[in-house]
Amino acid sequence: MALSGLQIYKLLPQTNCKECGYPTCLAFAMKLAAKQADLAACPYVTEAAKLQLEAASAPPIRLVTVGGDGARLEAGNETVMFRHEKTFYHRPGLFIHMRDADGAEAIKAAVAVADGYIVDYVGIKLGVDGFAVEAASGDGVTFAAAVAATRAASQKPLILVAPDPAVMAQGVEAASGARPLLCAADESNWQKMVEIAKAANAPLAVRADTLEKLAALVEEIKKAGVEDLVLDPSVQGYADSLTSLTQIRRLAIKKNFRALGYPVVTFPRRTANGEVDETVLAAEHIAKYAGFIVLESFDPATLYPLLVLRQNLYTDPQKPIQVQPGLYEINAPDGHAPLMVTTNFSITYFAVNNEVEGSGWPAWLLVADAEGMSVLTAWAAGKFDAERIAKAVRSTDAESKVNHRRIILPGQVAVLSGELEESLPGWEIMVGPKEAVDIPGYLKVMWGEKVG
Amino acid sequence: MPITVEIPKEKWAGSVRVVTLGATRAEGGTRAKTITVGGDATLPFLHFDGAIPNRPALAIEIKDRKPDDWSPLLYETWGEAMQDPADWARAAEAAGADLLVLTLSLTQANGKPNAPDNARAVVRQVLQATGLPLAVFGPGQAEKDNELIVPVAEEAKGERLLIGVCEDKNYRTIVAAAMANDHLVSSKTPMDVNLAKQLVILIHDMGMPMERIIMDPTTGSLAYGIEYGYSVMERLRLAALQGDSMTQQPMLVTPGEETWKAKESKVGEGVPESWGDWKRRAVNWETLTASSLIHAGAGVVVLRHPESLKRAQRMVDGLMRHTE
Ligand code: SF4
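Chains A and B, in that order, give the protein sequences.
Heads up: the first sequence begins at 1 in the numbering used here, then just goes up one per residue.
Heads up: the second sequence begins at 1001 in the numbering used here, then just goes up one per residue.
Read the hints as simulated data drawn from the structure, not as lab findings.
Just so it is clear, CB atoms sit at the ideal spot from N, CA and C, and this is done for glycine as well.
Hints should not be assumed to be uniformly reliable.
Straight-line Cα separation of at most 30 angstroms, BS3-like style, residue types lysine-lysine; simulated pairs [said to hold, decoys possible]: (1) A/Lys222 to B/Lys1009; (2) B/Lys1066 to A/Lys434; (3) B/Lys1263 to A/Lys319; (4) B/Lys1066 to A/Lys125; (5) A/Lys255 to A/Lys35; (6) B/Lys1011 to A/Lys383; (7) A/Lys213 to B/Lys1011; (8) B/Lys1169 to B/Lys1157; (9) B/Lys1009 to B/Lys1066; (10) A/Lys86 to B/Lys1011; (11) A/Lys391 to B/Lys1169; (12) A/Lys223 to A/Lys50; (13) A/Lys254 to A/Lys86; (14) B/Lys1009 to A/Lys255; (15) B/Lys1066 to B/Lys1261; (16) A/Lys444 to B/Lys1261.
Looking from chain B toward chain A, a few residues come up when the C-beta cut is under 10 angstroms (computed) [to be verified]: (17) Pro1008; (18) Lys1011; (19) Gly1039; (20) Leu1043; (21) Leu1222; (22) Ser1231; (23) Val1271; (24) Val1283; (25) Leu1288; (26) Ser1291; (27) Met1320.
Simulated restraints, written as ranges between beta carbons of each label pair [as the list claims (entries may be wrong)]: (28) A/Gly441 to B/Met1320: 23 to 33 angstroms; (29) B/Ala1013 to A/Asn16: 40 to 50 angstroms; (30) A/Ser4 to B/Ala1013: 18 to 28 angstroms; (31) A/Glu422 to B/Ala1176: 28 to 38 angstroms; (32) A/Asp397 to B/Gln1108: 44 to 54 angstroms; (33) A/Val80 to B/Ile1003: 20 to 30 angstroms; (34) A/Asn77 to B/Glu1010: 17 to 27 angstroms; (35) A/Gly441 to B/Asp1244: 37 to 47 angstroms; (36) A/Asn77 to B/Asp1084: 13 to 23 angstroms; (37) B/Asp1244 to A/Ser400: 45 to 55 angstroms; (38) A/Gln155 to B/Ala1013: 47 to 57 angstroms; (39) B/Glu1076 to A/Lys192: 36 to 46 angstroms.
Start from the sequences, fold in the hints, and give me the full structure.
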């Protein structure tokens, strides 16, 4: 947790010698607290104070990077409990589980399919983040072959899952240069796992079934020299998962509790009984505090909603994703094509754009500057009104692009019709459908048949 | 080397208000049971911080007639039952719903505008078909809502229905009807903490007891603005726990309606292959929207597909089991 100016002042020499360039130690302390000065500017600060200040300025949740030569993935460095307080920073990685016992060929084929998966969401390309290879066979040679097969088909980051250090060592060798996350050190094997992690300079997951044991084990492992750690609190279901992950996040952020200040890895399918729905639990882990999530199998029908959920919840609330206001052409419109208006909230824009494009109708889409809000939210906030729409019509010179004088308003803001008629004299205001999905039908009937 | 981990606990000044829907015979209605929501003295499912006396209630939405524009997957799952609101209500009860939400259409099956007599008759049928507590919402157009909901409120006097839609431009008529006939109201506002609070104040100012107001903060769905709804709900719950009285109403959310109009759920053709199997994707869309909103503090969750209902139920079962 960051120290206040006063707390920092107490650690300074308090002689006001001015050599740091500030008139007093307190002034310097205030600048340090605001991260506008560098501690090195004071030549007299003691070693003990330096250590204390450095420790205090470390992030409450350590940033851990998995991956090496190919793609990398970062987790940690989160600063809040709720996204509205600031934002969530590092989207939890979604890893697909592979079992070595399935054989190298089968693994290679399965990895290739998942590796090549890309889905487009509002213009952002989403996909799988990596693979978790498990030594289900218990045999080092089989495990190494499975790791090699995975790497042959994908450059994405790896998690190696093996309880036996001897088996793990063989997997790590097959993953050399990939800096995989090693999963996991527990009470019984941690000394050997630490050696392997140190030799490979790889991050290490630490597993225990209570937070006390987990914290104790982390302290031991830190002392033994591994700093890049990931926590596996062995959660089993919805309730204990929410409790443990919330407590870990709270301890790290609110209490600066170092022993649990690491990202968390979860296995939503690893449950004692069949009652837990992996997809629903994975969604909980996305919202409530996981850094790495291992999914049992690759299924676009599950992955796509999880990826979108993650994208949504990790959007910075202060910066809604926006598109540039302006007049957009869809399907090469001419002067007869309909003119539709919407806001510059990217999700709204893409929903409308996709429907119009899919319908095959040439159209002009006028995107008004509504400060990145959706139609209804913008309207409620006074950012999408007749005045703004009229302004958009004029600033984009829409009048010269179409040879009719009709504009289609989103159905959600039908109430604006009257005002818009006044703001745009000579224009006919048509009220479109409330939902984007109904646009093709609307264009066919209202534009195609009535307007012609 | 043992380490003591002292879990930081939150001490909250306030809690979510307790609201009961439905009335049994003894209470002046005809329901076989009532449903109580709210009372949470903690953030959702953090049992270690405070008491959670009631679980979120899971509702199925039915309509007064077979809708014209629902997803083929919903027609497939409810089948013939959609032809008759009473059958549909029974099917929803059999699917395991805690309560039913009946939404009235703008038009009747024969194309004529919906009318008070029809609305009364449908509500009567549904009340007779099941013993579950019931919510009845108008089509969402001010005049039509008032025209239909007032007679419904009279018809079901004493049943403690949840009625709506109360919005900032149109709440007085429905609130008055609810007060006169012993019902509850749903206060619906567009994704904003202050607007949600304001409308509750306005409704309460008319004399409606706080114990009879539920708020619908509007949430959006997965891919279509859920992050706004989710954060507004988290902020409302935090405000409630901090003791802001006018934010302490239980929250009703409608992931069924929100997701089944989205392309990702609604249609199976003309969409990218990378979206995967239609049915699994569609139900996931509704289930994950619902599950996320439950984590954000929903008290009443209105769904459309019975499989989403089952999955949400199992999740709530798990989240309420906290003995370990
Ligand atoms: S150089 Fe160090 S001791 Fe001197 S005024 Fe600055 S902070 Fe104080």
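Mind checking the CB of B/Met1320 against every CB in chain A and telling me if the closest is under 10 angstroms? The hint holds - B/Met1320 has a Cβ within 10 angstroms of chain A, the shortest such distance being about 7 angstroms.
Taking the Cβ atom of A/Gln155 and the Cβ atom of B/Ala1013, is their distance within the range 47 to 57 angstroms? Cβ of A/Gln155 to Cβ of B/Ala1013: about 52 angstroms, so the range 47 to 57 angstroms holds.
Closest C-beta approach of B/Pro1008 to chain A relative to 10 angstroms, hint status: holds, 5 angstroms
Does B/Lys1011 pass the interface check with chain A, least Cβ-Cβ distance below 10 angstroms? For B/Lys1011, the interface hint is violated, since the closest Cβ of chain A sits about 13 angstroms away, which is over 10 angstroms.
Has the given pair, A/Lys213 with B/Lys1011, been kept, meaning a C-alpha gap of at most 30 angstroms? holds, 26 angstroms
Please verify whether B/Lys1066 and A/Lys434 have alpha carbons no more than 30 angstroms apart. This hinted pair holds, its Cα atoms lying about 20 angstroms apart.
Return holds or violated for the Cβ distance of A/Val80 and B/Ile1003 against the range 20 to 30 angstroms. For A/Val80 and B/Ile1003 the Cβ distance comes to about 25 angstroms; the hint holds.
With chain A as the partner, please determine if B/Leu1222 meets the hint condition of a C-beta pair closer than 10 angstroms. holds, 6 angstroms
B/Gly1039 was flagged as interface toward chain A. Is the shortest Cβ-Cβ separation under 10 angstroms? violated, 18 angstroms
Within 30 angstroms, alpha carbon to alpha carbon, are A/Lys391 and B/Lys1169? Given that 30 angstroms is the threshold and the Cα spacing comes to 27 angstroms, the pair holds.
Given the hint that B/Lys1009 pairs with A/Lys255, test it: the Cα-Cα distance must not exceed 30 angstroms. Since the Cα atoms of B/Lys1009 and A/Lys255 sit roughly 11 angstroms apart, the hinted pair holds (cutoff 30 angstroms).
Verify the proposed pairing of A/Lys444 with B/Lys1261, using a straight-line Cα cut of 30 angstroms. holds, 19 angstroms
In summary, the structure is inconsistent with hints 4, 6, 9, 18, 19, 28, 36 and 39 from the numbered list given earlier, while agreeing with the others.
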